[in-house]
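Peer 1: Throw the hints in and build the complete structure from the sequences for me.
Chains A and B, in that order, give the protein sequences. Quick note on numbering: the UniProt record's numbering labels position 125 of the first sequence as 125, and the sequence is numbered without any gaps. Quick note on numbering: the UniProt record's numbering labels position 276 of the second sequence as 276, and the sequence is numbered without any gaps.
Treat the hints loosely; a few may be bogus.
[Stated by the list, open to error] DEER-style ranges, computed between Cβ atoms:
#1 A/Ala798 with B/Pro98: 51 to 57 angstroms
#2 B/Gly238 with A/Pro13: 43 to 49 angstroms
#3 A/Pro489 with B/Ala202: 36 to 42 angstroms
Keep in mind that the hints were calculated from the coordinates and are not lab data. All of these numbers come straight from a predicted model, not from anything done at the bench. Cβ atoms here follow ideal geometry from the backbone N, Cα and C, with glycine treated the same way.
The primary structure of each chain is shown beneath.
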Amino acid sequence: MKTPLSWIKAYVPDLSVTNQEYMDAMTLSGTKVEGYTALDADLDKIVVGQLIKIERHPDADKLVVCQVDIGGETIQIVTGARNVKEGQKVPVVLVGGRVAGGHDGNTVTGGIKIKKGKLRGVESSGMLCSIEELGSTKEMYPDAPEDGIYILGDDTKVGEDALALLGLRDSVFEYEVTSNRVDCFGVLGIAREAAATFGKEFIPPVVETKGNAENVRDYVSVEVLDGELCPRFCARMVKNIKIGPSPVWMQRRLAAAGIRPINNIVDITNYVMEEYGQPMHAYDLETLAGNRIIVKRAQNGETFQTLDGTLRNLDDEMLMICDGEKAVGIAGIMGGENSKIRDDVSTILFESACFDGTNVRRSGKRLGLRTDASGKFEKGLDPQNCPAALDRACQLIEELGAGEVVGGMLDVDNSMPKNTRIPFDPAKINALLGTEISTEKMLSYLTRIDLGYDSTVQEILVPSFRQDLECMADIAEEVARFYGYDNIPTTLPGGETTVGRLSRKLRIEGITRNVAEYCGFSQGMCYSFESPKVFDKLVIPQDSDLRRPVVITNPLGEDYSIMRTISLNGILSSLATNYNQRNKDVRLYELGNIYLPKQIPVTELPQERMQLTLGMYGKGDFFDLKGFVEELLERLGMNKKTVYNPEAGKTFLHPRKQALVQYDGAVIGYLGEVHPEVADNYGIKERTYVAVLDMPEIYDRASFDRKYSGVAKYPAVTRDLSMVVPKEIFVSRIEEVIEKRGGKLLESCKLFDIYEGSQIKENYKSVAYSAIFRAQDRTLEDKEISGIMEKIIEDLKALGIELRG
Amino acid sequence: MKELLKAIREEAISQIINAENSEKLNEIKVAFLGKKGKLTEVLKSMKDVPQEDRPKVGQLVNDARVEIETRLEEVISRKLKEQREERLQSEIIDVTLPGRRNQTGHSHPNTIALEEVERIFVGMGYEVVEGPEIEFDYYNFEALNIPADHPAKDEQDTFYINKDIVLRTQTSPVQVRVMEEGNLPIRMIAPGRVFRSDEVDATHSPSFHQIEGLVIDKNVTFADLKGTLELFAKELFGEDTKVKFRPHHFQFTEPSAEVDVTCFKCGGKGCRMCKGEGWIEILGCGMVHPNVLRMSGIDPEVYSGFAFGVGLERIALLKYEIDDMRLLYENDIRFLRQF
Numbered sequence: 001m002k003t004p005l006s007w008i009k010a011y012v013p014d015l016s017v018t019n020q021e022y023m024d025a026m027t028l029s030g031t032k033v034e035g036y037t038a039l040d041a042d043l044d045k046i047v048v049g050q051l052i053k054i055e056r057h058p059d060a061d062k063l064v065v066c067q068v069d070i071g072g073e074t075i076q077i078v079t080g081a082r083n084v085k086e087g088q089k090v091p092v093v094l095v096g097g098r099v100a101g102g103h104d105g106n107t108v109t110g111g112i113k114i115k116k117g118k119l120r121g122v123e124s125s126g127m128l129c130s131i132e133e134l135g136s137t138k139e140m141y142p143d144a145p146e147d148g149i150y151i152l153g154d155d156t157k158v159g160e161d162a163l164a165l166l167g168l169r170d171s172v173f174e175y176e177v178t179s180n181r182v183d184c185f186g187v188l189g190i191a192r193e194a195a196a197t198f199g200k201e202f203i204p205p206v207v208e209t210k211g212n213a214e215n216v217r218d219y220v221s222v223e224v225l226d227g228e229l230c231p232r233f234c235a236r237m238v239k240n241i242k243i244g245p246s247p248v249w250m251q252r253r254l255a256a257a258g259i260r261p262i263n264n265i266v267d268i269t270n271y272v273m274e275e276y277g278q279p280m281h282a283y284d285l286e287t288l289a290g291n292r293i294i295v296k297r298a299q300n301g302e303t304f305q306t307l308d309g310t311l312r313n314l315d316d317e318m319l320m321i322c323d324g325e326k327a328v329g330i331a332g333i334m335g336g337e338n339s340k341i342r343d344d345v346s347t348i349l350f351e352s353a354c355f356d357g358t359n360v361r362r363s364g365k366r367l368g369l370r371t372d373a374s375g376k377f378e379k380g381l382d383p384q385n386c387p388a389a390l391d392r393a394c395q396l397i398e399e400l401g402a403g404e405v406v407g408g409m410l411d412v413d414n415s416m417p418k419n420t421r422i423p424f425d426p427a428k429i430n431a432l433l434g435t436e437i438s439t440e441k442m443l444s445y446l447t448r449i450d451l452g453y454d455s456t457v458q459e460i461l462v463p464s465f466r467q468d469l470e471c472m473a474d475i476a477e478e479v480a481r482f483y484g485y486d487n488i489p490t491t492l493p494g495g496e497t498t499v500g501r502l503s504r505k506l507r508i509e510g511i512t513r514n515v516a517e518y519c520g521f522s523q524g525m526c527y528s529f530e531s532p533k534v535f536d537k538l539v540i541p542q543d544s545d546l547r548r549p550v551v552i553t554n555p556l557g558e559d560y561s562i563m564r565t566i567s568l569n570g571i572l573s574s575l576a577t578n579y580n581q582r583n584k585d586v587r588l589y590e591l592g593n594i595y596l597p598k599q600i601p602v603t604e605l606p607q608e609r610m611q612l613t614l615g616m617y618g619k620g621d622f623f624d625l626k627g628f629v630e631e632l633l634e635r636l637g638m639n640k641k642t643v644y645n646p647e648a649g650k651t652f653l654h655p656r657k658q659a660l661v662q663y664d665g666a667v668i669g670y671l672g673e674v675h676p677e678v679a680d681n682y683g684i685k686e687r688t689y690v691a692v693l694d695m696p697e698i699y700d701r702a703s704f705d706r707k708y709s710g711v712a713k714y715p716a717v718t719r720d721l722s723m724v725v726p727k728e729i730f731v732s733r734i735e736e737v738i739e740k741r742g743g744k745l746l747e748s749c750k751l752f753d754i755y756e757g758s759q760i761k762e763n764y765k766s767v768a769y770s771a772i773f774r775a776q777d778r779t780l781e782d783k784e785i786s787g788i789m790e791k792i793i794e795d796l797k798a799l800g801i802e803l804r805g
Numbered sequence: 001m002k003e004l005l006k007a008i009r010e011e012a013i014s015q016i017i018n019a020e021n022s023e024k025l026n027e028i029k030v031a032f033l034g035k036k037g038k039l040t041e042v043l044k045s046m047k048d049v050p051q052e053d054r055p056k057v058g059q060l061v062n063d064a065r066v067e068i069e070t071r072l073e074e075v076i077s078r079k080l081k082e083q084r085e086e087r088l089q090s091e092i093i094d095v096t097l098p099g100r101r102n103q104t105g106h107s108h109p110n111t112i113a114l115e116e117v118e119r120i121f122v123g124m125g126y127e128v129v130e131g132p133e134i135e136f137d138y139y140n141f142e143a144l145n146i147p148a149d150h151p152a153k154d155e156q157d158t159f160y161i162n163k164d165i166v167l168r169t170q171t172s173p174v175q176v177r178v179m180e181e182g183n184l185p186i187r188m189i190a191p192g193r194v195f196r197s198d199e200v201d202a203t204h205s206p207s208f209h210q211i212e213g214l215v216i217d218k219n220v221t222f223a224d225l226k227g228t229l230e231l232f233a234k235e236l237f238g239e240d241t242k243v244k245f246r247p248h249h250f251q252f253t254e255p256s257a258e259v260d261v262t263c264f265k266c267g268g269k270g271c272r273m274c275k276g277e278g279w280i281e282i283l284g285c286g287m288v289h290p291n292v293l294r295m296s297g298i299d300p301e302v303y304s305g306f307a308f309g310v311g312l313e314r315i316a317l318l319k320y321e322i323d324d325m326r327l328l329y330e331n332d333i334r335f336l337r338q339f
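Peer 2: Quick look at the structure:
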């Protein structure tokens, strides 16, 4: 909402504040000012000048030399304008003054300073101004010439401030009005707030329009067939319309509010809409068949041409304004082409109605049509405002001499006045706010904004324009904002102490992030929604459940239309971004949910599973990732045997470089090298490795318990085993043998060398293990260990493993 | 005898002083103090000394021995020091060569900001809780006093799964879930991902994060809300930060406020970051609306409370002076490594 301050001051005449003071105070009392523009910010030293003499320039055909009376002084100005004539009065910027911009309408921040100069050898001290140079447009000043200097009226005084005459000594404020304050969609509502904020008197216009001796009922009838969708419908009639420009004061106010002045009738409807926040509509009565208005629902399949020329498809949820034969407007949204005001209109019917906000919003959505009017109706307007706004419009018709107002008003009132009463309990208000505001002070704040008070029952009477006030907390807010949020003390909640903590899940995630970062992975964040094409990109089998995601019905586009069921796409896309930027050795991780539907179509909330996803290319390989997993599990107190099962069955991973991570009988994740086909799909031309851990499996198994088990007292015995092993035998088989045969005495077995190459026969690898034995209660004897070692060697040989040295 | 001892002593000392290295010193030690050393020889000849003079001569021999030994020790230790010093001086390294690092990873700026916020509130006794990202319309709207067809519902461009299930547009539904559990008093914050159908640009993302805060207890006041958030702002942005509460409207709080803090870059003087205003809006808050309490099974006549919601990205962008929200979701390592 944009409004010139002069319009507010029209109803708060004592208001005298600077722009900044006004902005700050209004914002702090709840009417947020987004900003303001002083219309004269870039204008300076611009006065009314009279052209005394105009002569041809001696050396330029397109220039003329003017002698301009600026009040007690005559100056010479050279201009290229062609529309000036001797005797005219025009805005003149003096030397040292500023204009907002050029004649072409391009403005310059801070304005352009005018200097004394010579044009083709002739001295020029100042400039005659066009409306563009004054920072405005012909649209907003319809009386400005098509091209040339703005001509001021003959009644203006030479030498006086031209900016004041042009309405430019004003500032336009832009307000952010919240959806609950429909009253502040009108100048009067904001003026009421301004008066209350600054403790000044609010003087709304006094409206009385009797009209002539006739009665509108004798001309027109109104029927409302759906009172629920149309709580109130008021109409008045104006005959002998004289279309013409509206007065300058009205044009200036509308222009400052960003509304283009058109003619007196249109301007009055716009003016009242701005002032009262009540949209109005004017019908050409001659186009209304049967002199009837019927407000009813449309029929399914009906079409209607709105006044923007578009043919609209209607349905039976949409409310229409009809005449005796046909629809003439979509209620609250837009009028029809067929009842548009013609230039030779002689009689109009002014409509000022209230429509159900929800219905207007829904209809507008289905029509794909939102107008200034529907934007207001959607909020749910005050039915009591309809007749007041209508009378105001008729008053302006009379004042402007735009027509003859017919007596009486058509008023179909189905609204049920709420007459809300709220118990006034100052103690409760103070208890909620943490203040000690006196009852008198509270009441003074409330009466300033026209809330009533019934002292006999101690109740606040809520006026109809404040439908947002319903309970004690609402009254507390009204008190608080005029008391000043700033004046409310600052305290901390007392009461019972509570323990601050992170959930177990968040603690585990915190440790996980630390370990990932320690291992060189940086944290990324990826979207939760993706394209369904991701499944093909990741070569997920057609019959996989992963291809049955939760689908968004109104996505931003197909690329963001499904909730991810697998987390890899995010990290691979991020790696690709880095690869394309030629970033080397990139390691990323992400902690984010996947969403697994419990059924399709979705009827319950899907399962949200937190996934830790790691991806890397550059330095490092499978075993760096595996090392991370081992490190993480150790930090999370998951010290049971972890199995890395090569039969992971992931189509998107290298068939021979992938493993499921199994722990405690559960699959807690997988890792591997990305299949080259998938890497190609992402445009990554390096070996890429990923790991995914299913965090819910980890939350259940992690442990923060730690116990000291003592440092061994007796010495260990170490035996090394050097072997030549067929390539297809994984070292986990060797470990199994050593662990099984080693029994309780085996403390650990560690791989310390592995080699494939020239010295080893083909399809074999050389593997060396250290087996460490220790007893907790004695020093081991060689014999004991030798027995164990023999069994180990025997078993290894049975696997086709050859022992060396 | 006396002269002989004196001569031996002087000879030894002169040799010690002139010795070039520690080997030579060792030789000197052997030559004078060894089994066949000169001083030992003198002792051996003690049998020729008259009985009564022996203690005196013995004393003299011993004095000579102590003196030679002392001088030897002195010189040896000095020599060792010199040699070590020489070695150290030769072991020069270029300390300006780069350090050998374990290239650790970096936390996302959102996470760093979140951890700061969590630290502040956990310290004040708040529990950090979470709720589902795909949520029932009821929790996201209705239970927050935003009934079906309310204009406020349109203001948040919601992604729908179906008519009852949405991608949550705010973390506020977690409030309701916690209140429904009914364990009072409540002091919680709920960070998490939220979704709104905004096209991606420098200041918008269809997916972003909020941190919801909720306190429910007996006698909680608006003054408590002010005090809490002021403390929070000072902790997060610095002790000199000033806080301004502006009336605003939210469906689920009444009275409601938006909170501005003095620009932490210019301190309130006005700069590019605060668009010259000196103030930056950081969050919305208010006293929990009695309707919301009632719907969650809490009696508003007995309990009151406040709630607030902070945009995590907003905090991260402001605090780390990131000028484009898209950077947060591109995961370019050159960006992430700066945090």
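Peer 1: If a hint holds in the structure, say so; if it does not, say that too.
Peer 2: Each hint, compared with the structure:
1. A/Ala798 with B/Pro98: 51 to 57 angstroms: holds (52 angstroms)
2. B/Gly238 with A/Pro13: 43 to 49 angstroms: Distance hint for B/Gly238, A/Pro13 holds at roughly 45 angstroms.
3. A/Pro489 with B/Ala202: 36 to 42 angstroms: With a Cβ separation near 39 angstroms, A/Pro489 and B/Ala202 satisfy 36 to 42 angstroms, so the hint holds.
In summary, this structure violates none of the numbered hints.
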